[in-house]
Amino acid sequence: MVKYAMAIDLDRCMGCRACMEACKIENNTGRNIFWMFVFKQESGEYPNTTTNYMPRPCMHCDNAPCVKVCPVGARFKSETGAVLTDFDRCVGCRYCEVSCPYGVNYFNWREPADNQYYHWGKGEAEGKYGTADIRTLANGSISPYRNPTLDEPHGAEKRTVAGGGHYVGVIEKCTFCVQRTDKGLDPACVANCPVSVYTFGDLDDPNSSISKLLASRSSFRLLEETNTHPRVYYLGTPMPLEHRKHLENISV
Amino acid sequence: MSKEELGVYLKPFNRTGGKFLALIAVLLGAMALGGYALYIQFTEGHYVSGMRDVGAGGAAWGIYIGMLVYFIGISYAGISVSAAVRLLNLEKYKPVARMGELLTIIALLLGSLFILFDLGQPIRGVINMFQFGRPMSPLFFTFSVIATGYLWSTLIFMYISGRRDASIMKANGLGIKPLYTVLSGGYVDSHKAREKHNKVLKALAVAILPLLVMAHSFLGFVFGLQVGRPGWYTAIQAPAFVTLAAASGIGALIIISLVIRRTYGLQQILTQDIFRGLGNFMGAATGVYIYMIISEMYVMKYAGPSGEVLIADSMLSGQLAPYFWAEILSFIAAFLIIFAMFARKSYSLLGITTSAVLVNIGALLARNMIIIPSQTLGMQLPYALGSYFPSWIEISVVVGLFALGVFLYSIFTKIFPIIEFPEEVRGER
Amino acid sequence: MGRTLALLTLAIGLILMAVGLMTVAPVGETAGPVISNPKIPFAAGIWVLGMMTSLLTPVAYVMGREK
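Chains as they are written, first to last, in this note's numbering: chain A, 1 to 252; chain B, 1 to 429; chain C, 1 to 67.
Mixed in with the good hints, there may be bad ones.
Dumping the calculated DSS-like pairs for lysine-lysine here, alpha-carbon to alpha-carbon at most 27 Å [to be verified]:
id, chain 1, residue 1, chain 2, residue 2
1, A, Lys-245, A, Lys-3
2, C, Lys-39, A, Lys-158
3, A, Lys-158, A, Lys-3
4, B, Lys-170, B, Lys-345
5, A, Lys-245, B, Lys-414
6, C, Lys-39, A, Lys-3
Where chain B lies over chain A, by a calculated footprint (3+ residues, C-beta under 8 Å) [said to hold, decoys possible]:
id, region
7, 83–95
8, 101–110
9, 167–175
10, 181–195
Computed far set for chain C versus chain A, every beta-carbon distance over 10 Å [what the hints assert, rightly or not]:
id, residue
11, Met-1
12, Leu-7
13, Ala-18
14, Thr-23
15, Ile-35
16, Pro-38
Quick caveat, the hints were computed from the structure, so don't treat them as lab data.
We treat Cβ as the ideally placed atom computed from N, Cα and C, and that holds for glycine.
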C-alpha cells in the first residue's frame, strides 16, 4: 500500500507562490482559503536582513488532532496516508479547525459560488459582497469553470473528498490532491513548482525519490513536540524565529 | 388539604398582571430579533458572524461556544441543590429545589441550541451525530452525556418530584387540568407513595451526581485536550470548569429565586437562611476559582512556551487586559462581599445579590476569555495575530436565546408550582 | 409489578448502551480508514437510546401499580 509523504526543501524556495496558485486552480478554492500557503517573513536588523519563505500545506499527520476530535468521522485518515474530509458528512462544528496546531483548515463561511474571486452567481452585476459577476464582466464569453473530477467519489469507501467549494458550512483543507494522486500524478503544487522545492512520493517504497532524499539529508517536521507525526518533511534551513517580521498574511 | 392550606404556595397563580404581560411582550420581541438574525445567518452562511478562520486573523469558535459553555455551567445549580436536598437531607433548601431543576433544564436546552446554531450544517449535525458519532471525540460525550443523559435525567427527576404537586393541583381544580392529569398519572397521595418517591429520588440523585461531574468535566476536556492551542492545553481545565460551573450556577439560582421571591411575595417561604447557605457555597467556589486562575496564569507567564506567554501577556497587560481584569475584579469583589458578610456573621440580601450578579458577569467574561484568545493569538506557526469581536447577528442570537430562557421560565412559574408543596400539606385519602 | 418493570427497563437500557458502545467507531486508532465508521449505523444513537432507557428505570418503578 502506498503511503504518501511530501518533502519541502526550504533552501530552494524563492517565494514565487506558483504552488498556491496551482492549488487554487486545481481545487477551485475560494477567497481567503489557502490550502497551500507560503509564509513570507523578514528577519534580522537593517541593513542585514534576509527574507525567508516557508510553504505550508496540510501536514497529513499520522496522529492527527483533527481526526481525533471529529465527532462524526468526516475527517479521516485514508489508506494512502492523506488526511481527508468527507464533505457529505461534515457537520461544520469547526472542532478540527481549532484543534489543528498548523492552522490549515478553512471553513466555507458562505456559499462557495459567492466566495469565488469573481461572483459565479445569479446574474447580478455586483455580487452580494462587492465582487462583480464574471458572466456580466465577460459579456458571457467566459463561464464559471469547475473541475468536474472534484465531485467524483474517491478511495476505497467512495467518499466525496476531493477539491474545495462543495457546500456552505463545511470545513475543507489540502487533500494531497487526491483526484490527481489516484491517477498517479503528483499534487498540483508539486507539479507546478518551477524550482523543484517539493518531492512527493511513497514513503513505504525504499526506492522512491522521497525515501532516498530523506535518507540522504537531514530533515525536520513542524511542531514535532505536539506528537502529531506529520507526513510533510522539511529540508534545509528552518525559518528564523527571532527578530522576525511578517511581510504578508492571510487577511479577511 | 384545601386551597387555604396551600395558601402562599399558590401565589404565583393569583397574579397575572400587566407587568407580566409586558415582560412577555418584551421577551417575544427579543426572540423575534434573534429569530431574524438566525434567518440571516442560515441563508447567508456564518459569514455574517464575526468568526473567521484560525490563522486568517480570526476565531473559528466565538461567542456561541462561549455562551454554550456558560449555560452548561449554569445548569450545575439545579441538580446539585436537589441532590443535596435528597442525599444530605438538607430540607432547608427544598423550596429552591424545583427552581434549580427548572434552571438546569432550561440552561441545558439553551446550551444545546447554541451548539446547533454554531454548526455550519445544523440539520446534518443532528442526524450525523447519532449515525456516525465517534467516542474518540470529546464532543461525543459532551453531546451524549449533557444533551441526553444530564438533560433527560433532570427531566425525570423533576417529573417524579412533581407528581405529588400535580395531583394536589388537580384535586383542587387549579390551573390546566389535562396537563396535571398527565403529569400526576396514577398518583395517589399516601404516606406509602410519598416514601416510595423519596426513595426513588434518592437513588436517582446518586446516579445523577457522577453525571453532573462528568458533564462539566467533559466540557472542560473539549478544550483541555487540545495540544495545538496554547492556553487550552492544561490539566486544570476540567476541574476549573466544574468549579466555575458551581459558582455561576448557584449565582444564577440566587438571582432567579430572589426575583421570584420579590415578584410573587414569597418572603415567608424563601427565607434569608436559604440565601445565606447558597451565598456561602457560591463564595467558596468563587474563591477556589480565583485560586485556579492565579495558578494557571502563573504557569503560563513563568514557565509557558512562547504561545502561552503571548496569551498571558495579552491578558495581563495587553489588548485583552480590560476584559481579563474586569473578570478578575468581579470575582474578587464577589468573593470579598461574601467573605465580609461571613466574617461579620450578618448577611444582607443586597450583598448576596450583588455578588451573585458579579460572579455571573465574571463567568460570562471568563468563558469567552478561555475560548477566544487561544485561537486569535495562539498560532504556533508565524501567522499574524488575529482578533475577534461578535457581529450584531451573533449578539442578537445571544439576546434572543437569553429571552427564550427567561420566557420559558416565566411561563413555567404560571403553569406549575415553582415551589414544592411541603410534606405538611397532607393529601386526602 | 413496579419492581419487575423497573428491572426490565434497566436491563434493556444497559443492553442497548453496551451494544451501542461496542459498535461505535474504535477508540485509539488514528491511522487508517477504519477509524471513521461505526460498525453498525446509528451506533451512537443506540448508545444514547440505551442511556435514556436506563434512566427511565425510576419512572417505571413509581408508575408500577401497588398491590
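Exercise for the section: Enumerate the violated hints, using their earlier numbering and listing them in ascending order. Expected result: Of the numbered hints, 1, 4, 5, 10, 15 and 16 do not hold.
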